[in-house]
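Chains as they are written, first to last, in the numbering used here: chain A, 14 to 346; chain B, 591 to 745; chain C, 419 to 881; chain D, 5 to 291.
Keep in mind that the hints were calculated from the coordinates and are not lab data. Treat the numbers as computed from the prediction; the structure is a model and nothing was measured. Mixed in with the good hints there might be a few duds.
[Unchecked claim] Straight-line distance between alpha carbons at most 27 Å, and here's what the computed DSSO-like set of lysine-lysine pairs gives:
hint, chain 1, residue 1, chain 2, residue 2
1, A, K261, C, K513
2, A, K16, D, K285
3, C, K513, A, K141
4, D, K250, A, K333
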Amino acid sequence: MKKTGKGIACMWYPIGFTVMANPSAATVKVNTDGTATLLTGTVETGQGALTVLGQIAAETLGIATDDVHVVSGDTDTTPMDTGAIASRTTYVTGNAIVRAAEAARQILFEAAAPLLNVKPDQLEARDKKIQVLGFPSRFLPISKVAQHAETNVGKPAIGSSSYNPPTVEMDPETGQGKPFNTYVYATQIAEVEVDDETGEVVVKRIVAVHDCGQPINPMLVEGQIQGGISMGVGYALQEEILFDSQGKQINPNLTNYIMPTSLDMPELDVQLVDNYDPTGPHGAKGVGEPTAVPTAAAIMNAIYDAVGVRITTLPATAEKVMTAILEKNAQEA
Amino acid sequence: MLVELKVNGEKRSADVPPETTLLKFLREYLDLTGAKLGCDVGDCGTCTVIVDGISVNSCIMLAAKANGSEVTTIEGLATTSELHPLQKSFEELGALQCGFCGTGMLMSAKQLLDENPDPTDFEIRDALAGNLCRCTGYTKIIEAIKDAAKNMRAA
Amino acid sequence: MATKPTQDLDQKTLVIEDTESALNAPVRVKEAHPIIYPLSLPETEERKATPAVGQSASRPDARLHGLGQTKYIDDIKFPNMIYAKVLRSAKAHAKIISIDTSEAEAMPGVYATLTGKEIPTNTFGPTFQDQPVLSDTVVRHRGDGVAAVAAVSEQVAQEALKKIKVVYEDLPVILDPEEALKDEVLIHPPKSNIYTSKVIKKGDVEKGLAESDHIFTNRYKTQFQEHVPIEPHASIALWDGNGRVTLWSSLGRITLGREDMSRTLNLPQSKIRMIGTIVGGNFGGKNEITNEPILALLSKKTGRPVKCTYTREDEFVSSTIRHPFIMDFTTGVNKEGKILARKIKMILDGGAYCSWTGTTIGKGSILAAGPYNIDNLHVESYAVYTNKTTTGAMRGFGAPQVCFAYESQMDEIAKTLGIDPLEIRLRNAFREGSLSPTSQTLHSVVVEESLLQAAEAFGWNRS
Amino acid sequence: MHMTPMTYEQPKSASEAVALMQECGNRAKFLGGGTDLIVDLKHKPGTVSVLVDITKIPELQGIEESSEGLRIGSAVTYTSIMKSPVCQKLIPAVCEASHTVGAVQTRSLGTIGGNLVTCVPSADSAPSLMVLESVVTIVGKDGERTIPIEDFFVGPRKTCLEPHEILVSILIPKKNLGKTSFFLKAGLRKGQALSLVNVASALNIVDGKISAPCIALGAVAPTPIRVLEAESFLEGKEASDENLKKASEMAVATAKPITDFRASLSYRKQLVKVMTYRTLKSCVDNQ
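With the sequences and hints as input, model every part of the structure.
Written as structure tokens, this is what we have:
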């Protein structure tokens, strides 16, 4: 018979390396037509980092995503970056970009200030304009200002900066300290259907509510969460590298290493918690890794709710669940 | 042996060793690198192309076997002025992350919609079961296929 | 009969330089208009909008993915490029007595071979440099490379690997991490197998347990997980006439990758260019150099660009995978389900080399108590070497493992105390300003909000 | 992974294929869809130097209904079977079994004959064809022979085919067309799964009693097997739960599964019990 169950799991997860410095540097160059080029040493590994980093630069400069061209991943041309690891790109590289873009923007403000008869700190960059704070009708197009800065003032709007999350060394005896600058939080709830005669577990639905601070690009955040859940579903139910008695992998191929296919993935309801981290770039934190963290736990709790067996070793293969059900039945009999 | 195919509407031929797979033929002899090598044994679907109206894993099909066939690869989907509706929906709805599974995924989706313009959720999932993706959890891919199907039916 | 396909000037049709084929001259079918490099298509509204933040902007790289135009490493081809393959160890733990590559080297189509002895600094690793690029004295797991071949094609390189003769002397194989803890057989002598550990102490855990109404003790275990990037690792090296080497690599961390290259090749960083192309999935598995130094040296030896793409099996056996954890959780709670004390002991199966274990054990230990206010905590974790695939960075660095343990036990506690699983979490959850296990004051905390929002979306009825 | 150099032949008739095979001896191998063979040749390069592609031979094609029954050419793909209205109507369990093989791409290339000839114990097309008492036609240097499908399987990856022989077609006898039959498969996941156990059952209900029951199991013995003891037990019995359960227990007793990394012997037996009952029950409920 098929029995349904629900299980909940929440989690916390840090952004960046544990204590160790993990800096990023960035350079932002504003072109004379008001578009910009961003140089970053990170690499696009599929998560959409370059799009998000471009959006962060665009936000600081008050221009659109499409106005920023992102150059990445070449040690000859791009600045130092610790790389696509530890859910750090949006937060750490993003913070470096905000600082670099602010430096470039400051040059624009200084060039525009005399033209608008204000001080540089009375200006803001919005909607492709440099405008007076509180008086948006007093503005110059960013293209005009960039052109002016370069050709009249003689100071092209280029900014470079870096960022490293502040941490405090952990005490070697007690581990007390400040290993990270910020953390994200999340809850996932799974609904499963367990066949109590075969042990087969079908994950029917997962609701995932994640915190990433201010989402820079909600669509890409959703995509990260959905993908992380699929890795979590595999971790929960199917995936395991097996070794023989001589240390040789038994299943080093995609025929016998069982990761989820489209038919194995549940319906997903992905949501974000409204949040803003003042230490992040435009309030953002990160989301890459935490998406895969609570899924297995939620599924195990749902299996327990459905058939009353507690799986304490992953993955919960059908056979493992069935064995536990039979043991439980034997104990009860 | 001389293998001659009609690839994306163009006659292409090359003289290849008989053990050459269709994937190798496309990638190395015709420079059509859209189909990828992911597992080499027909498990992952990154090498999916359409041969005479059926989708196949080109890594386990000999080029010789496809001799004389019409082959459609990812390079044959867009025209000079337009993306294929599937390519458009995949892009706009965020269905492509690292993109490595994407070309095979798009070919499987095309094959599905060619046969079934209004597939159910299960039919879409069933059609994609041979294309492994590690980035997306398949969710946005399925949404994109539904969106493209709708747009194609409306066109 | 050899043929050489080339592109004609407008890059539209293939020309076969071969008389027989020329008779079957390529025909361009007008109505089809297949394209190779199209077009300038309109951008989506979200890409053109301000403010930029908060826009679900589409990705320019995704457009190229969809067109099949993204060039991953395996799609890049250079003139005169040759192909490398690495021979993997036949043993999980053994001394290497000898490696004879002469027969492979003599094969037609083989350009060069390489062994560990030829690598200037044959060690690497992000924390400890305990891993050889190619093993030359000892193999410590089946994924260790022992020799490499560069040949005119992958097919020839693959055949040449079979001609390499390696003589091993067996050493005892240690697979069980609890066995490895005993240090009876050392995997990196004279170093202990316990190569890193972590302690977190807060409050008085024994006192907290003594004051508890209920104590729960459970053991949880997790497995090895592979990243499965759909794109296997790949790289190309080109050593030029100025003694400068350029690498196109699927590595996700090029700046630090260049440092590793500089160290292993004993070459100034200014002589190394690392280009990170679009990566076909990483998930933590592409955060270290793998065969990049090998390709660089093979390129130096042969004066040709050298490419290596992992087979799916290489991907499994020689790149890193997720750490299995053995986790003993003892938790004391009062009648209301408030956690008073938690004592945790964890053993991480580190595989043959350290890799990113330092980060994994650190995050795993800090996070193990869960997002809960616990005044009395003691976490003790050990990572041990075993003769299995190296465990390293993988999405979550120990967090999925410990979350499985702390959230499973949370439900055990809830069940015993008759408290709803959602409710017990709300009673213990971090709030703004809570102190973490390392006594850090937490900010922008939304555990409670995420719990309630998820429960609402799911339709969770509290029991 | 790369195959070693080889030659490729594409004969136009079964007799031409047989002649080629005789000429080339054990260096040669018949190539169907290649979904297994090409993979094998990549894993073990150098084992074969001539591939004889038989998928263009007309005798090996086609799905035709005649007075004898339904004939399916051995080179017919799973996809063609699944999509064939005749098959859907007359042999739904075979369609269902075909649908569970691999994924779309594998089913597009893979052939039903290839699945039988490869002869792995878990071959998904075997049990459903067995419970419909199919017979297979084989052509060799000495002409044609027809045998029951059970006799075709000899051991793991071993059929009764002589090296020069070729499997031409499968015939599902007229009497079993439209017979109620069900197929179930247990794998490690839903998509692209290999069978841990697969089971097919077929039966009629005549005057409230079970008639002509057939049960076949895959992946629980060196070859796919029939459960004759349970079949004779069920013959003429009432289709009660008790009887179906007893037959399922008999299937467990007949099964001789092994433990491997995918599943243990005892779990496979549990699956045999449950799946045999479920297929029988579905047959009873869908008369």
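Results for each hint:
1. A/K261 to C/K513: holds, 17 Å
2. A/K16 to D/K285: holds, 20 Å
3. C/K513 to A/K141: violated, 66 Å
4. D/K250 to A/K333: Since the Cα atoms of D/K250 and A/K333 sit roughly 26 Å apart, the hinted pair holds (cutoff 27 Å).
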